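Trainee: Got chain A; can you put chains B, C, D and E with the ligands on it based on the hints?
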Amino acid sequence: MNISHEGKQGLDIQKKIKEKKEKRKLLKQTEKVVPIFLFLCALFSVIATLGIVFTLLKEAITFFSAVPMKEFFFNNTWSPWSGEFGVIPLISGTLLITCIAIVVALPLGIAAAIFLSEYASDKTRRIIKPTLEVLAGIPTVVYGFFALTFITPLFEKIIPELPIFNALSAGIVVGVMIIPMIASLSEDAMNAVPNSLREGALAMGATRFEVATKVVLPAAFSGVVASIVLAVSRAIGETMIVTIAAGQTPNLTFNPTESIQTLTAFIVQGAKGDTTYGSTIYYSIYAVGITLFVFTLLMNFLSQYIVRKYREEY
Amino acid sequence: MLQKQQEKWQKRVTKRVWLNKVFHSLFFAATTVGLIFLALLLYRILTQGISYLDLDFLQGFPAPYPEEAGILAGLVGSLYIITIVAIFAIVIGVSTALYLEEYAKKNRFTRFIQSNIQNLAGVPSIVFGLLGLTLFVYILHLGYSLLAGGLTMSLLVLPIIVVASQESIRAVPNFLKEASYGMGATKWQTIVRVVLPAALPGIITGSILALSRAIGETAPLLVVGAAAAIYTLPDSLLGSYTAMPIQIYSWISRPQEEWPLVAAAGIIVLLVVLLLMNTIAVLIRNKFKKRY
Amino acid sequence: MSIFTKAVIQDTEPVQTNKQSHVFEISDLNLWYGEDQALKDINMDIAQNEITAIIGPSGCGKSTFIKTLNRMVEMIPTVKTSGTIKYNDRNIFDPKFAVEDLRTQVGMVFQKPNPFPKTIYENIAYGPKIHGIKKKQDLDEIVEKSLKDAAIWNEVKDRLHENAYGLSGGQQQRLCIARCLAIEPDVILMDEPTSALDPISTLKLEELVQNLKQKYSIVIVTHNMQQAARVSDKTAFFLNGELIEYSNTNKLFSNPNDKRTEDYITGRFG
Amino acid sequence: MSIFTKAVIQDTEPVQTNKQSHVFEISDLNLWYGEDQALKDINMDIAQNEITAIIGPSGCGKSTFIKTLNRMVEMIPTVKTSGTIKYNDRNIFDPKFAVEDLRTQVGMVFQKPNPFPKTIYENIAYGPKIHGIKKKQDLDEIVEKSLKDAAIWNEVKDRLHENAYGLSGGQQQRLCIARCLAIEPDVILMDEPTSALDPISTLKLEELVQNLKQKYSIVIVTHNMQQAARVSDKTAFFLNGELIEYSNTNKLFSNPNDKRTEDYITGRFG
Amino acid sequence: ACGQGEEDANTDAGDTNTEDQSNGDNGNSEEKVSGTINLAGSSTVFPIMEYVTYEYNKVQPDVNTPLESIGSGGGFKRSTKGEIDFSNASRPIQEEEIEIAKENGIELLEVELAYDGLSVVVSQQNDFLENVTIEQLRDIFIAERGNKLWSDVNPEWPKKEIKIFSPGHDSGTFDYFNEVVLEENPMREGEGVTLSEDDNLLVRGIQNDPYAIGFFGYAYYAANEDSLKVLGIDNGNGPIKPTFETIQDGSYEPLGRPLFTYINAKSLEEKKEVQNFTEFLLTNAGAASEHVGYVALPEEEYQSQLAELKARYQ
Ligand SMILES: Nc1ncnc2c1ncn2[C@@H]1O[C@H](COP(=O)(O)OP(=O)(O)OP(=O)(O)O)[C@@H](O)[C@H]1O
Ligand SMILES: Nc1ncnc2c1ncn2[C@@H]1O[C@H](COP(=O)(O)OP(=O)(O)OP(=O)(O)O)[C@@H](O)[C@H]1O
Ligand SMILES: [Mg+2]
Ligand SMILES: [Mg+2]
Ligand SMILES: O=P([O-])([O-])[O-]
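So the sequence lines, in the order shown, correspond to chains A, B, C, D and E. Heads up, the first sequence is in the working numbering, so the first residue is 1 and it goes up one at a time. Heads up, the second sequence is in the working numbering, so the first residue is 1 and it goes up one at a time. Heads up, the third sequence is in the working numbering, so the first residue is 1 and it goes up one at a time. Heads up, the fourth sequence is in the working numbering, so the first residue is 1 and it goes up one at a time. Heads up, the fifth sequence is in the working numbering, so the first residue is 1 and it goes up one at a time.
Treat each hint with caution, since some may be false.
The calculated lysine-lysine pairs, modelled on DSS-like cross-linking and capped at a C-alpha distance of 30 angstroms, are [what the hints assert, rightly or not]:
id	chain 1	residue 1	chain 2	residue 2
1	E	Lys310	E	Lys271
2	A	Lys32	B	Lys106
3	B	Lys287	D	Lys118
4	D	Lys135	B	Lys187
5	A	Lys28	B	Lys187
6	B	Lys15	A	Lys214
7	D	Lys129	A	Lys16
8	A	Lys20	D	Lys135
9	E	Lys271	E	Lys58
10	A	Lys214	B	Lys8
11	A	Lys18	D	Lys148
12	C	Lys96	B	Lys21
13	D	Lys86	B	Lys187
14	C	Lys213	C	Lys129
15	B	Lys8	C	Lys135
16	B	Lys187	A	Lys20
17	D	Lys136	A	Lys28
18	A	Lys32	D	Lys96
19	C	Lys135	C	Lys145
20	C	Lys135	B	Lys11
21	C	Lys129	B	Lys15
22	B	Lys287	D	Lys112
23	D	Lys157	D	Lys136
24	C	Lys129	A	Lys309
25	E	Lys81	E	Lys272
26	B	Lys11	C	Lys213
27	C	Lys136	C	Lys215
28	B	Lys106	D	Lys80
29	A	Lys16	D	Lys96
30	D	Lys251	D	Lys213
31	A	Lys58	E	Lys81
32	D	Lys135	D	Lys148
33	A	Lys32	B	Lys187
34	E	Lys58	A	Lys272
Simulated from the structure, these hints should not be mistaken for lab results. Please read these numbers as outputs of a predicted model, since none were measured by experiment.
So that you can see chain A by itself, here it is in the shape it has in the complex (with noise of 0.2 angstroms):
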């Protein structure tokens, strides 16, 4: 440095630093180092999701080594404690409450992602919104308790015969639960689309509705479908709901009224000390579970695919 600061008076800062960085190594260590435990970290995510593969495909291996995969998905009977181990029941069990909540979630959500972009003012989204969105936060096991103590004995003064367990008021309540992830999601894919389209159609002499369903869905379409991906995966991975209101019982059949068990459900039970460390029961939680998780990993890559491909461009 051939600068000399002559009309600098007082502290010579410029040198103070010079004689600071000398003592400062660790700073050096110091940048070398984080990066390599901030990647640690991140690598740690990775394993997680390598963990739950990994503890799923050992245990269901062993489980599949007694069981042959032939048997566990084509067998209709899920009687684990007879040995008989299929799969169908629990997953048609799994879908009869996942097409009960879509039922009632799709329409609701979708019609009230409508009402707040396209009618609602600022100040009433402002407040809906977010209203709205505390049914996602409510833990499920309330829910469970809503549906045990009020949904069903509702219905049952509706249909005399419903049986306490039933997954007519499972699936409903977790459709309600699964309102806001649609209503949310679709209600920002379908701001996102720009005002200049709304006003080229409202200029052309349409209506709200004629905007809302010509324009708007059709171009918020991916992130509207994606919602609704998000939600049937998590319908689909429910657990607390379905196990304290649907029962707990293997049914193959698509009657609402009945009552029948899903994959989530037997996994609590199974887990919960119904089955023994180590029995081929203990095993087919496993298989159960890794039956569950393709079923959402797909939806997850659904939903992903669906936003990528068919990202709007406005």
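Mentor: Then chains B, C, D and E with the ligands, alone, in the frame of chain A:
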């Protein structure tokens, strides 16, 4: 022709405008369904639970009699759990986010980690329970302990924290980083002194939301063995424990008439805790509302 | 140093507003965004089958004014208006006059081309469809006619079922005009339709506007005075929400009445 | 119609670059963003204790150039450079020359004021702190001195512990300069430091820059030719990534060598 | 029905209590201990143990007594590996389980706690069942007989699906029922059958469903007398309902049975708190059993068992 067409269209306008009105009402009605449900749920639980909710309930342990049952063990257990989650998941989650946003090159491996985290966020909680059961309870021999429960929950909420932190780190404007680098600051100095403070509100908000998820989750804890009947507070990390949702679940399970009321009282406590946490999150968000 | 010299001397007829038939008659129009007044006591008639240009510096209320004519301005919730606007002798603020109806007859083209993210065909068919025309044959006919009228048919006829976003900016803007023509409005409002376009597309579009005049009444907002001089029959000069001067284009550019108009067109501000 | 007449005739000394000592000596500098070349064969020396202005139309590479001087441009991962830049006879691209060191000696002020969301005091103390100065007394001294040098001390001395975002734009920009001065760099790079400011703040800042010249070498990018003419000793004119002309400011504005320079400073393009 | 019995038993217990205190000066009941005692197993025994641990905690607040209801089998799975100190059971330990325990170097000490009458129950809403014969139970429960409707078992009964709510296969109650009633013929599973270790879930499932049937320990019936109807069992000598008397005098057969807990010998010998709790348990088991609806053993039984256990550590 033009004139005629215009007239025809004018007639249709009335119908279309009417249709619009009908759907406006329908959409509004649909929106309120969720709200009504919420109101109903809260009302039911409040009216059911309020009679059992008193100081004794807050100080009591689960008891064989409804009048003596209390939530203390669950409340304390849940607080212990989120403490473990806070220590474990927040450190790893924020670090992961920092790595992805600040250090990672945009290559395949990074994208792999990224999509991994996204997928992890979509894995049902019960599957995390299975992971915890094998990994923590059996392989690491932690048994049905507080630590096993806390670690399981940490894995469960990790993706939430990562994603929220990533978003708020990404939202730190580049010009702040430039200002810091421009003064000769190193990367880590810039991160510690500029990026993290600016991203902190978002990170805290995300973490609190993650913690509230950890407080409300039931299924994984059922699997990794939180006990239902326990009359002492956990004495160590390896001790047995219970959590609020587990207690609530065990009360829900009992068929005699009084127990749903006890369960409702427990739910009120759980919801109040959640409400408190969310209020804190909102307060933090408002307090640190971005000014740049 | 006027740059408008060429355009100015073509035509010398005097202002004829009184004798013509008008599509719009605007009286005492005031408009507020919340507390801020954006339009002040506008009185103005807009002639049929003519091109009326609106000029003025940024923020003077041009867009606000033109959007009031088809009531699009009401999309902003804080807007309040007073005064009357008569469209073919009907008050457009009359509650019995549905906005949808008004907008069917008063089309609009925006500053930034805004085709729907659909095929070219679907873009044009959108208007007729919402008005209940469903027959494929009718629609085909309308699509072809509109695209031809908008002078873009030749460029797109082989790719009608491709996405409209594949078109260039100028083509998109003409597509938007075609979309507007498909419902055969009486009036077309254009808010700086060329500001996002390159010079060549701009010229093409100006030509098109000139041709459309035969069938439609056109109101065009522009920040480009040369453009106003080139294409319009009448010009209105706005300043700070007031209508300062309104007369035949030639008159206004060659011999403005108002000092402020003169200052503006000679480039002294704006 | 030159608007620079006033500034131009004050001083008539010839270009003296060769005789002066230089803080930067730039030879054959090329820079690419991915495939796009943004700087082409730049050769240029920057004199000590002078103000060097960089002018040119938008996108010509001014910001790129100035950011290369303290290697901030490398924050964009696709950037590639060739050539050498010597800072006080050390090649800044030398791997042994830590960027942190370079940036400690070559400070930078940005287009948009970018104070940290901290108190005024903390903003100034940031630099010294990261370089290991921790003593409260030292820091206090530095803060006061820097704020005084940046001519903002009087305005903020009573609110040192309030958030910097409470300041006006012009104050924020001077705060950023003070922050830069706090580590007493040799050179200060400024990228359009007044473009976000009102005229009065701009004048204040120009004055400040003039004063800083005694202690610092300053490189200032500006799109405002009057500003370049007012404040700088030398001016470099960039066009499309090339250095077209570089000479004493008076010379460049009164008697440019290159036709393109002339076209630009007379407002024919840009 | 057993209210009087309860009072009698209480006085009994009271007497012994004083007795115990007088001769138990060397006993540890006053001394404060701390530590953790793990209890798990039978859901039938759960109410007794819940009551005892709860009361114990009032005396010894520093002893942690986590108690899990995972079925007798589940309890043995863990106790034979030495994971728990007390393994509750509603059936005696089996040979194989003793084998496993031996392999792991574990010794389990059997303690009899009470008598139970395994109760077969239907809903109060059921109007066609009061009593059943053992043969009818076999018709209902055995898979091979293939009866899915009530009318298949008895043409006079309604043409409705039989809904079975049974304890799971890890359950001692199931084992007992399986052995004594079904004679090891596989029970129905899958469609229409809910198996659960959680007796409360069984109660709930049966409560409001006139066509449901199930079985579990008497205590669960006693706690839900309002909504459940216990069936008289006809073993050829006319129907007998389980009551305090019929269980005590052994006339409720073949479904009367003892309830146990198995203590890990090593824990008992080495852990002060286990010794302390064992003494508390055996002094209060009678009262606890009667309190939750079972029949206490004669007081001497508790005393002699306690004496035997004490001998191991004194
Ligand atoms: N949504 C709005 N809310 C409040 N004020 C508005 C709104 N839109 C416009 N204004 C104000 O109304 C006045 C007129 O705006 P307008 O957009 O009509 O101007 P303009 O002449 O079209 O300008 P430009 O040439 O920039 O488009 C301006 O002062 C503007 O700030
Ligand atoms: N991050 C980047 N990636 C790719 N190209 C870039 C990037 N930044 C700038 N460029 C390109 O490099 C060229 C020079 O840009 P630069 O920002 O240096 O111009 P400038 O003279 O500062 O312009 P302005 O006056 O608008 O700030 C431009 O063509 C620009 O498009
Ligand atoms: Mg405008
Ligand atoms: Mg620039
Ligand atoms: O839970 P069980 O008593 O039936 O083993």
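Trainee: Run through the hints listed earlier and report the numbers of any the structure violates, in increasing order.
Mentor: Structure breaks no hint.
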